[in-house]
Amino acid sequence: MLPELAAALALLALTGYVVLGGADFGGGFWDLTAGGAERGAPIRAMIKRSMSPVWEANHVWLIFLLVVLWTAFPEAFGSIMSTLAVPIFLAALGIVLRGGAFALKGEAATIAEARFLGATFALSSVLVPFFLGTAAGAIAAGEVPVGNASGGAFSSWTGPTSILVGLISVATGAHLAAVFLGADAQRAGRSDLVRAFRTRALGSGAAAGALAIAGLAVLNSDAPNLFDGLTSGLGLACVAVSALAGLVTLALEWTERFELARFSAALAVAAIVAGWAAAQEPYLLPPGLTVTEAAAPDATLVALLIACGAGMLVLVPALIWLFRLAVSGRLAYDDEPRP
Amino acid sequence: MIDGALGGPVDQDYLLQARQMQAMSFIVHIPLVCFGIAFPAMVLFVEGLWLRTGDPLYKLLAKRWSKAMVLLFAVGVVTGTILSFEMGLLWPEFMATFGDVFGLAFGVEGFSFFIEAIFIAIYVYGWDRLPPRVHLASGVPMVIAGVTGSLMVIAVNGWMNQPTGFRIQGGEVVDIHPWKALFNDNFWHEFVHMYLAGFIVAGFLVAGVYGFGWLKGRRERHHRVALVVALTIAALAAPAQLLVGDWAARTVAVNQPVKLAAFEGLQDTTKGAPFSLAGGIEIPDLLSLLAFHDPNATVKGLNIVPAEDRPPVELVKYSFRTMVAIGSALAALGAWFLWTWWRHYRLPSSRWFYRALVAAGPLSFVALIAGWITTEVGRQPWVVYEVMRTDEAVTGAGGIPVGFVALALVYAGLVAIAAVMLRRLGRQPFHAS
Numbered sequence: 001m002l003p004e005l006a007a008a009l010a011l012l013a014l015t016g017y018v019v020l021g022g023a024d025f026g027g028g029f030w031d032l033t034a035g036g037a038e039r040g041a042p043i044r045a046m047i048k049r050s051m052s053p054v055w056e057a058n059h060v061w062l063i064f065l066l067v068v069l070w071t072a073f074p075e076a077f078g079s080i081m082s083t084l085a086v087p088i089f090l091a092a093l094g095i096v097l098r099g100g101a102f103a104l105k106g107e108a109a110t111i112a113e114a115r116f117l118g119a120t121f122a123l124s125s126v127l128v129p130f131f132l133g134t135a136a137g138a139i140a141a142g143e144v145p146v147g148n149a150s151g152g153a154f155s156s157w158t159g160p161t162s163i164l165v166g167l168i169s170v171a172t173g174a175h176l177a178a179v180f181l182g183a184d185a186q187r188a189g190r191s192d193l194v195r196a197f198r199t200r201a202l203g204s205g206a207a208a209g210a211l212a213i214a215g216l217a218v219l220n221s222d223a224p225n226l227f228d229g230l231t232s233g234l235g236l237a238c239v240a241v242s243a244l245a246g247l248v249t250l251a252l253e254w255t256e257r258f259e260l261a262r263f264s265a266a267l268a269v270a271a272i273v274a275g276w277a278a279a280q281e282p283y284l285l286p287p288g289l290t291v292t293e294a295a296a297p298d299a300t301l302v303a304l305l306i307a308c309g310a311g312m313l314v315l316v317p318a319l320i321w322l323f324r325l326a327v328s329g330r331l332a333y334d335d336e337p338r339p
Numbered sequence: 340m341i342d343g344a345l346g347g348p349v350d351q352d353y354l355l356q357a358r359q360m361q362a363m364s365f366i367v368h369i370p371l372v373c374f375g376i377a378f379p380a381m382v383l384f385v386e387g388l389w390l391r392t393g394d395p396l397y398k399l400l401a402k403r404w405s406k407a408m409v410l411l412f413a414v415g416v417v418t419g420t421i422l423s424f425e426m427g428l429l430w431p432e433f434m435a436t437f438g439d440v441f442g443l444a445f446g447v448e449g450f451s452f453f454i455e456a457i458f459i460a461i462y463v464y465g466w467d468r469l470p471p472r473v474h475l476a477s478g479v480p481m482v483i484a485g486v487t488g489s490l491m492v493i494a495v496n497g498w499m500n501q502p503t504g505f506r507i508q509g510g511e512v513v514d515i516h517p518w519k520a521l522f523n524d525n526f527w528h529e530f531v532h533m534y535l536a537g538f539i540v541a542g543f544l545v546a547g548v549y550g551f552g553w554l555k556g557r558r559e560r561h562h563r564v565a566l567v568v569a570l571t572i573a574a575l576a577a578p579a580q581l582l583v584g585d586w587a588a589r590t591v592a593v594n595q596p597v598k599l600a601a602f603e604g605l606q607d608t609t610k611g612a613p614f615s616l617a618g619g620i621e622i623p624d625l626l627s628l629l630a631f632h633d634p635n636a637t638v639k640g641l642n643i644v645p646a647e648d649r650p651p652v653e654l655v656k657y658s659f660r661t662m663v664a665i666g667s668a669l670a671a672l673g674a675w676f677l678w679t680w681w682r683h684y685r686l687p688s689s690r691w692f693y694r695a696l697v698a699a700g701p702l703s704f705v706a707l708i709a710g711w712i713t714t715e716v717g718r719q720p721w722v723v724y725e726v727m728r729t730d731e732a733v734t735g736a737g738g739i740p741v742g743f744v745a746l747a748l749v750y751a752g753l754v755a756i757a758a759v760m761l762r763r764l765g766r767q768p769f770h771a772s
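Just so you know, the sequences run in chain order A and B.
When we follow the working numbering, the leftmost residue of the first sequence carries the number 1, and every step to the right adds one.
When we follow the working numbering, the leftmost residue of the second sequence carries the number 340, and every step to the right adds one.
These aren't lab readings, by the way, just hints derived from the structure by calculation.
Just so you know, not all the hints are guaranteed correct.
A short, non-exhaustive set of chain A residues, derived as facing chain B with CB atoms under 7 Å [stated by the list, open to error]: (1) Pro3; (2) Ala85; (3) Ala149; (4) Ala303.
Listed next, the in silico DMTMM-like pairs over lysine to aspartate or glutamate satisfying Cα-Cα at most 25 Å (straight line) [to be verified]: (5) B:Lys656 with B:Asp585; (6) A:Lys48 with A:Glu281; (7) B:Lys406 with A:Glu113; (8) A:Lys48 with B:Asp467; (9) B:Lys639 with B:Glu715; (10) B:Lys519 with A:Asp298; (11) B:Lys639 with B:Asp524; (12) B:Lys610 with B:Glu653; (13) A:Lys48 with A:Glu4.
Computed from a predicted model, the values in this text were never measured in an experiment.
Glycine included, every Cβ here is placed at the ideal spot set by N, Cα and C.
When you get a sec, could you build the whole thing from the sequences and use the hints?
Structure (structure tokens):
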């Protein structure tokens, strides 16, 4: 029971990061593809305005995931970080470049500076979810054995499943971002941007869906156990929920109802994460290490769950306040201090 | 002996590079932690002055500082992330074997980081949009979380130096008590030492910037206010740090005698051990006095353990001296200011004071790093003191030098650009209505 609760905590952190952190990376994707400096300016300004107050808090879900893993499942953590050192280190470098460039580009004084920092921000925003996705794909495909760097340094995360999950991570992040930004644009009364994000949301949503369907074929040949898990029982239910939520999202985007689409788009992504967990249950690192085997002793799990339970009592109201302020447009600063 | 949860030691040709990469990552991150500890309190203090006096100058200053604060926080977020990743990327066997012993502290730290990130955003982006009192109140969790977060990381470092809350049985870690591991013997003194260091480094660096302006003839009122606030914080913390340093050294003398012997390079166990100053001058009995508050106390020497269990003595010794020397000088500088302020209610007028102040910023950073080298290299060859060696903890993955160079290049760019942007922020005109 305790190991499952700890695993649920890790899953919560992962979902938080994939949905909220993923949307921030998606913001970078739309920044990258917004076009020339002049044409892309309104879109980039909207992305900056929406992301600035929340990206740091959204990023903490990743740290929280790492902490839960190394405390509750230390052997699995050590095995993952050593075998998948290459993609995870590349993602870490990307996180530095993304966050650094985003925070600093606000102070850029010339077009050239803004371009350099903007390009760094945008490019690393695409690379981070891709590499983290390949790492997740490697775990799902059973490429991470227990041990200190026991799996292939490159072969473990360059298989079809890894590449697929990497691409899906980029696509879902971009889709979430387009939906969230569309809602922000609507609230700000910017109908030109609403149209721009509608097109992007529909396009990226369709792409994410197509990748997911094509992905099932890839999984069938590359990771048959995972495929079986996703096409039966709870795994199948999650996939169905995700597909349904995806379709509803597309319909809502078509009719420009972005407020509602935010929730269905998030549900579609969260259901896939849950489906992954259900598909490889009872394993944490398939094919060998189960959640129960990997779990820390009860004393540690109890302490961690108590600390996190208490922490949530503070965190949840704080997060709600932050998002309410951000959504109502009350968090933004003028570039010059008002006298 | 410990077996290691992932199967024991592996061949790693680049252990030293792994340690250096970790050290570089700390050197970039730790000064930002100092700002995370001290800057929110400084900003809130100035905003509080605004609410009390209604003087818009205080508001402008708090607002300006809060912009620098969020920029430094963002850089701290990403460099702190690198540290979290490196725990596993460089030391997977350490994490796999002991993550369940000390991980709880990081759980609490994770929530602190969440709270800090949330409220720093509300605070910085909420200027003029939240009612003034609500805005001030939104800064309070940011201050508290900045402290609890660093406290938890320090708790883990204290545990690595004084591992408690578990037993080794047949090479396995058993009988884990995570709360005991969290509240280890080093918890309080390491925390207070780092907390004061945060105020000293952030205070002197900020004061040094305004001191530089002062030398160039800047005497506007906002300049003076900023200087006095930053300087007061640093000046109060620096003398107090001497007392905390004494407390820390005495704890090390009891818990880690080999580390203490490395501070002085003391080979043999000595009754009434001397302390040597620069230039070969040796003061009899001083080390015994410092370590045990008794000139006749016996101080254990390095040779109580075999050579392979000793830290690199010279590096530890000179780092320790650097820290103590700079710390003492900063305390003297702080005392100079406090004395002048108390006696005459004005800033010191000597240009030498401001020259010293400009030097004090970078020097306090050097002392901070020297202090961390003292405790971290002084712990070598152990990652978990007398339980697990760094060569048993290191990753079996290849490519450490490549990663090291890549990260060094990225950090060089990050630090350079952040410095340019901060300088630009500082040069923006200060609109006082």
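Okay, the hints, checked on the actual structure:
1. Pro3: violated (12 Å)
2. Ala85: Interface hint status for alanine 85 of chain A: holds (4 Å vs cutoff 7 Å).
3. Ala149: holds (4 Å)
4. Ala303: holds (4 Å)
5. B:Lys656 with B:Asp585: Holds: lysine 656 of chain B and aspartate 585 of chain B sit about 16 Å apart, inside 25 Å.
6. A:Lys48 with A:Glu281: Between lysine 48 of chain A and glutamate 281 of chain A the Cα gap is close to 39 Å, so the pair fails against 25 Å, i.e. violated.
7. B:Lys406 with A:Glu113: holds (19 Å)
8. A:Lys48 with B:Asp467: holds (20 Å)
9. B:Lys639 with B:Glu715: With Cα atoms ~20 Å apart, lysine 639 of chain B and glutamate 715 of chain B stay inside 25 Å; holds.
10. B:Lys519 with A:Asp298: holds (15 Å)
11. B:Lys639 with B:Asp524: holds (20 Å)
12. B:Lys610 with B:Glu653: Roughly 22 Å between the alpha carbons, so the hint for lysine 610 of chain B and glutamate 653 of chain B holds.
13. A:Lys48 with A:Glu4: violated (38 Å)
Of the hints listed earlier, those the structure fails to meet are numbers 1, 6 and 13, in rising order.
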